[in-house]
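Protein chains in written order, with the working numbering: chain W, 1 to 89; chain B, 1 to 135.
A hint or two may mislead.
[Unchecked claim] Residues from chain B that keep clear of chain W, each with C-beta distances beyond 12 Å, as calculated: (1) Lys96; (2) Ser105; (3) Asp106.
[To be verified] Covered by chain B, according to a simulated footprint, are these stretches of chain W (three or more residues, beta-carbon under 8 Å): (4) 17-27; (5) 41-55; (6) 61-73; (7) 76-86.
[To be verified] Quick list of simulated restraints, FRET-style, between CB atoms: (8) W:Tyr81 - B:Pro108: 19 to 29 Å; (9) W:Val30 - B:Trp109: 18 to 28 Å; (10) W:Met69 - B:Val61: 19 to 29 Å; (11) B:Asp106 - W:Ala63: 31 to 41 Å.
I should point out that these hints are in silico values taken from the structure, not numbers from a laboratory. Yeah, the Cβ is synthetic: ideal placement off N, Cα and C, and Gly gets one too.
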Amino acid sequence: MIGYALTFAFGCFGLALLLNIYRIVNAPTVGDRILALDTMVINAIALLALFGILEGTAVYFEASMLIAMTGFISTVSYTRYLLRGDIIE
Amino acid sequence: MVVEILISACLVISGIFGLVGSIGLIKLPDPMMRLHAPTKATTLGVGGALVASMLYFEFVVGRFSFHELMITLFLFLTAPITGHFIAKTHLHLGHKPEDLPPTGSDRPWASYESDEARAAVETPESAASEAARKG
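Start from the sequences and build out the full structure, keeping to the hints where you can.
The structure is reproduced here in structure tokens:
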């Protein structure tokens, strides 16, 4: 039963990732593009967690922690750059 | 068996929430509305996936792992911050200060108030009257 649920969750998050790519390609404003990139990072973390369940190893959690940190820093620095024209003042 | 049902329910719910968040990002009409879907629904979705993973490693594999809780905590802490920053970017790039609704006081929206203006307004008397007004 876990296998079916896992496949369903993989499908959902994969579809979500595709929708995010669509949003990045034709975003109405810059804010939407940043938001879509941030959502993409979160969906990638979820996919990595699901892949960890599938493989039964805990190796991928370090990777998803790193991706979470990188995604947060990149979102903040992108918005910071748009707001102030500078990242580190 | 109970644990299996619990893990499967977590996985299905997390998948639905993640998908709803990304559909909301596409479908909602206004940029400020679009901000809601990914910051709330997708965060809950990834939290569900990580809880399912924690339950799986605890009860099926038999090895407790603390990492998922750390990732969930990190995401739940950073999601409001990124949401705030993106909302601020949208406000500054897409709106003029005159178009925004009134604040109800003689000061502008905090996001548009420069440091010099804030220092000029915040004299001790004004701070006391502000406190008195708020009760």
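Counting residues of the region 61-73 of chain W that have a beta-carbon nearer than 8 Å to any beta-carbon of chain B, does the count reach 3?
Contact hint for the region 61-73 of chain W vs chain B: holds, 7 residues under 8 Å.
Taking 19 to 29 Å as the stated bounds, is the beta-carbon spacing between Met69 of chain W and Val61 of chain B within them?
At roughly 26 Å between Cβ atoms, Val61 of chain B and Met69 of chain W fall inside 19 to 29 Å, so the hint holds.
According to a criterion of three or more residues whose C-beta lies within less than 8 Å of a C-beta of chain B, is the region 41-55 of chain W covered?
holds (count 8)
A cut-off of 12 Å on Cβ-Cβ distance, and Ser105 of chain B was said to be off the interface with chain W. Does that hold?
holds, 24 Å
That 19 to 29 Å hint for Tyr81 of chain W and Pro108 of chain B (C-beta), does it hold up?
holds, 24 Å
Range hint 18 to 28 Å: satisfied by the CB atoms of Val30 of chain W and Trp109 of chain B?
For Val30 of chain W and Trp109 of chain B the Cβ distance comes to about 20 Å; the hint holds.
Beyond 12 Å from every Cβ of chain W: is that where the Cβ of Asp106 of chain B lies?
holds, 25 Å
Confirm or reject the coverage of the region 76-86 of chain W by chain B under the rule of 3 or more residues with a beta carbon closer than 8 Å to the chain's beta carbons.
holds (count 5)
If we take the beta carbon of Lys96 of chain B, is the closest beta carbon in chain W still more than 12 Å away?
holds, 15 Å
Proximity test - 8 Å, beta-carbon atoms, the region 17-27 of chain W to chain B, at least three hits
holds (count 5)
Okay, Asp106 of chain B versus Ala63 of chain W on CB: inside 31 to 41 Å?
violated, 51 Å
Hint compliance for this structure: hint 11 alone is broken.
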